[in-house]
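Asks: Full structure from sequences and hints, please.
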Amino acid sequence: TGNRSGNAFADFLLGLPASYTEDQTDVRVHVSYKAFEWYAQDTWKATPKLTLTLGVRWSYYSNPTDDNDVLVSFLPGLYNPAKAVKLNPNGTVQTDANGNVIGDRYNGLIFPEGVLAGHDSPWGRKVQNDTFTNFGPRIGFAYDPSGVGRWAVRGGYGIYYDRSLVGIIEQNGFSDPLV
1 TGNRSGNAFA
11 DFLLGLPASY
21 TEDQTDVRVH
31 VSYKAFEWYA
41 QDTWKATPKL
51 TLTLGVRWSY
61 YSNPTDDNDV
71 LVSFLPGLYN
81 PAKAVKLNPN
91 GTVQTDANGN
101 VIGDRYNGLI
111 FPEGVLAGHD
121 SPWGRKVQND
131 TFTNFGPRIG
141 FAYDPSGVGR
151 WAVRGGYGIY
161 YDRSLVGIIE
171 QNGFSDPLV
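So the sequence shown is numbered by the numbering used here: it starts at 1 and just counts up by one.
It should be emphasised that the hints constitute simulated quantities derived from the structure, not laboratory data.
Mixed in with the good hints, there may be bad ones.
[What the hints assert, rightly or not] Between beta-carbon pairs, the in silico distance windows are: (1) Asn3 / Leu78: 18 to 26 Å; (2) Gly99 / Leu78: 24 to 32 Å; (3) Ala117 / Leu13: 43 to 51 Å; (4) Phe9 / Trp58: 53 to 61 Å; (5) Ser146 / Lys34: 18 to 26 Å; (6) Glu37 / Ser5: 36 to 44 Å; (7) Arg163 / Gly6: 25 to 33 Å; (8) Ile168 / Leu78: 40 to 48 Å; (9) Tyr143 / Lys34: 36 to 44 Å; (10) Asn3 / Gln171: 47 to 55 Å.
Note that beta-carbon positions come from the ideal geometry of N, C-alpha and C, so glycine has one too.
Replies: Next comes the structure, spelled out in structure tokens:
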């Protein structure tokens, strides 16, 4: 705040901050997931000068689960404005006479199944849906215009899939409001 030296950053560098906070729980994310891929491919000599290669690959990259169930995600479709947390004019959270927060502080959030009643993930222990439709067709050709094998024109096309960044899901474990 600069209360000690007149400059907030100087206070920090001097080791004299006005306040200090940190997570109450040491969060350790231990994610695991599966990946499977199958493919079929065949080469066909359509003419003496033209060879075609046709194939398809199916890729399955499961979304991760965490051993400690600390993952969390926000689903916009589950957010209900009527259940939003109410704020006072100064920005603090409104509470009732018993000190309970007015509104649902986890509005729109999902947690692994069984972690927080009413906020179960529709995908069990996962907080993202798995995709089973990752079919990647492949087509390739080799054409020898002269027919004597001295040179060829080649080309190909394919659709490819990759795992989504696990770090994006992992980071949510460190911002889990329950932790």
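Asks: Now tell me if each hint is right for this structure.
Replies: Right, here's what the structure says about each hint:
no.	hint	result
1	Asn3 / Leu78: 18 to 26 Å	violated (43 Å)
2	Gly99 / Leu78: 24 to 32 Å	holds (26 Å)
3	Ala117 / Leu13: 43 to 51 Å	holds (46 Å)
4	Phe9 / Trp58: 53 to 61 Å	holds (54 Å)
5	Ser146 / Lys34: 18 to 26 Å	violated (49 Å)
6	Glu37 / Ser5: 36 to 44 Å	violated (59 Å)
7	Arg163 / Gly6: 25 to 33 Å	violated (50 Å)
8	Ile168 / Leu78: 40 to 48 Å	violated (19 Å)
9	Tyr143 / Lys34: 36 to 44 Å	holds (40 Å)
10	Asn3 / Gln171: 47 to 55 Å	violated (33 Å)
Violated hints, listed in ascending order, are 1, 5, 6, 7, 8 and 10; each of the other numbered hints is respected by the structure.
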